[in-house]
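Student: If you want the building blocks of each chain, they are given just below.
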Amino acid sequence: MTITVNDKIVEAKANETVLDVLTREGIKVPTLCHLKDMLPTGACRMCVVEDMDSGNLITSCSSTAYDGLNIKTHSPRVTESRKMITELLLSNHPDDCLYCVRNMNCELQNLSNDLCVTERRISGLKNKLPIDRTSASIIRDPEKCILCGRCVRVCEEVMDVACIDFVGRGNKTIVSTAFHNGLNVTSCINCGQCIAVCPTGALTEQNHFTEIKEALQDKTKTVVIQYAPAITVSIAEEFGMPYGEDVNGIMNAAIRKMGFDYVFDTSFGADLTIMEESAELVDRVLNGGKLPLITSCCPGWVKYAEQTAPDFIDNLSSCKSPAQMQGAITKSHFANTQNIKHEDIYSVSIMPCTAKKFEAQRKEMTQNGISDIDAVLTTREFVKLIKMYGIDLISLNPEIADNPLGTRSSAGKLFGATGGVAEAAIRTAYHRITGEDLIEFKIPALRCLKGRKETKVKIGDLELGVAVVNGMSNARELLDEIRNGRDDIHFIEIMACPGGCVGGGGQPINLDPEAVRKRMLTLYDIDNKDSIKASHNNPYIQKLYRDFLGEPLSEISHKLLHTHYEKRDVIL
Amino acid sequence: MTSEVLTKYPEVGRDSLIPILQDIQDVEGWLSEESLSEVGRHLNLPVSKIYGVATFYNQFRFQPKGKYHVQICRGTACHVLGSSNVQKKLEQLLKVKADETTKDGKFSLEVVACIGACGLAPVISVNGKFHAKVTPDSIKKIIKSYKSKKDD
Chain A
1 MTITVNDKIV EAKANETVLD VLTREGIKVP TLCHLKDMLP TGACRMCVVE
51 DMDSGNLITS CSSTAYDGLN IKTHSPRVTE SRKMITELLL SNHPDDCLYC
101 VRNMNCELQN LSNDLCVTER RISGLKNKLP IDRTSASIIR DPEKCILCGR
151 CVRVCEEVMD VACIDFVGRG NKTIVSTAFH NGLNVTSCIN CGQCIAVCPT
201 GALTEQNHFT EIKEALQDKT KTVVIQYAPA ITVSIAEEFG MPYGEDVNGI
251 MNAAIRKMGF DYVFDTSFGA DLTIMEESAE LVDRVLNGGK LPLITSCCPG
301 WVKYAEQTAP DFIDNLSSCK SPAQMQGAIT KSHFANTQNI KHEDIYSVSI
351 MPCTAKKFEA QRKEMTQNGI SDIDAVLTTR EFVKLIKMYG IDLISLNPEI
401 ADNPLGTRSS AGKLFGATGG VAEAAIRTAY HRITGEDLIE FKIPALRCLK
451 GRKETKVKIG DLELGVAVVN GMSNARELLD EIRNGRDDIH FIEIMACPGG
501 CVGGGGQPIN LDPEAVRKRM LTLYDIDNKD SIKASHNNPY IQKLYRDFLG
551 EPLSEISHKL LHTHYEKRDV IL
Chain B
1 MTSEVLTKYP EVGRDSLIPI LQDIQDVEGW LSEESLSEVG RHLNLPVSKI
51 YGVATFYNQF RFQPKGKYHV QICRGTACHV LGSSNVQKKL EQLLKVKADE
101 TTKDGKFSLE VVACIGACGL APVISVNGKF HAKVTPDSIK KIIKSYKSKK
151 DD
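If you read the sequences in order, they're chains A and B.
By this note's numbering, the letter at position 397 of the first sequence is numbered 397, and the numbering carries on one by one without gaps.
By this note's numbering, the letter at position 152 of the second sequence is numbered 152, and the numbering carries on one by one without gaps.
Worth flagging that the hints you see were computed from the coordinates, not collected in a lab.
Glycine included, every Cβ here is placed at the ideal spot set by N, Cα and C.
If a hint is listed, it holds; no wrong ones were tucked in.
Only part of the chain A face toward chain B is listed, based on derived beta-carbon distances under 7 Å:
id	residue
1	A162
2	C163
3	I164
4	D165
5	F166
6	V167
7	G168
8	R169
9	T177
10	A178
11	F179
12	I571
Pulled from the structure, derived: some chain B residues nowhere near chain A, Cβ distances all over 10 Å:
id	residue
13	M1
14	D15
15	R61
16	R74
17	K95
18	A117
19	F130
20	S145
21	K150
Stretch by stretch, here's where chain A covers chain B in the computed footprint (C-beta under 8 Å, at least three residues):
id	region
22	34-47
23	50-57
Throw the hints in and build the complete structure from the sequences for me.
Tutor: Structure (structure tokens):
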């Protein structure tokens, strides 16, 4: 089948949208509401092209290509129409680009630039709406919202949360929660996927720059920082390097330049999680505990479970997340060995995640009233901080993280991608049951960006059923199967964000799926090359158990590294 | 009361949402957060979706009606004869916006399209009693008379 695009004949496949054809042909058609792999809505009208036969403007995102279609993508009528829409969107948009967190990274700003909007021709009534700052993670500024509906769709279709929707009608329509409640009392799981797809600055994260900068200035504080496995493979693109490049070494150096006293790697915490979680798994499998065991690393999923799937709370691993385990060890064993008072440590984490901000302030994540983690930076904020401190990342010499909480196995590093926790847990569970290491570490069935993966692993006589899901809608499907009696799965890894943490809601704003894929591939590459491939072989983990924790699931482990979850009442 | 309404709708889907909401409003006079949550559980729909649908239609209210329910007609004839100023004055006097209820629960204000009394324009109705040819000045007296009314 062929269509005519700008007087040239172009091949098109059946059931392909016009937009898909144009993208493949290298013709950039602007869109504000389009999201790849999701049903089109045609809401923003930005992607219109001129149908030369009917003379109509059609939305390329929601029109299927058909044989003989004849369109122009940049005719005067089309560009005028796009420009007019942009001007109308700007007519009631706040004029505060310079102060906006999305300045220079805003789709509306870019469009207005591309379409040469140089004056305000249309001045509309500004809608005065309050900013919602109630959430520990996410700030909503309805005045900057252009009603594209991406956040609404992601929240409902990918995350199965649907705490926001279009409210009202006509020019009074806004995106809001039920009864305009604060996000903190809604079913929002703080995943931040709404921020990741928002074309403007209507959705941003709560930031703690001031507190962190103050702590760095405070001579009485020992400021400790840890970074999640996904961070080192996610910031390169923000500094002009290719997607997914691992910049661990220069990142360590940059963090020290900012004045942090200790640089730790959360992948160590991930190793620790694996020690505890695989022990829990083996215990439940061998001693008839509640199965399947479901991971609890992802604070988005944990909140979803508490409010939407409380019947699975007993299935949740009692392990805290790697970051929180690391935070707990930092303010206990590490502080003691360094003779630092617990309250004199200021503990920061860099996470690809906005829900971690929520997690860090949970009351379960404290010891004697002191938070295990004091401030959480998203990847985006970390990049900002590097720039704020005037650090030329590329010119730095690589450095290694501090010990004892900076040495990791590559299993811990794998946590950054969907399926990574499952792979890491299997490696250590295998060792725990058989006393030997796996011969082939890699589990190819768990290695891709698919929303749902399953496999069976032979451990001695046991056939361990493992499932991995990302995106809460996929999780819901799987949980429904289990509710309906499926019992061949022993272990489930659930991550809220598509692709796992590499696709997290705190990552650099980038709708290109290639970015997420490249980050994942780098993690696999690191796993291929590293010599320590299993958490239990990490010498510093072994030392921590020898010196302090004793055994996995020991009393002290339970006190510091485990927690419990309860049903949570929210507006569903 | 919401649960009683819902018993009339066993095993229905989301297409029954609007009739259910209308029924609840008939019984309770308005749609509360608790009611919508209950409807959500019944239809397996998120409350935000229900609220989104309900706020699309003018007929639904999200605050209980006041003791005196004031409807101001904003139809064509009333508009031409100055009902917009009457509405402004009403909002100023009662310190509420359209579709809101005063804090003491005494008055609620609703804007309606046309009550079919164009000959009396501009017209307001208080608990069904019509007041004809109102002006920003006369409205003051009318509201005052209801404010000072003893319980009847």
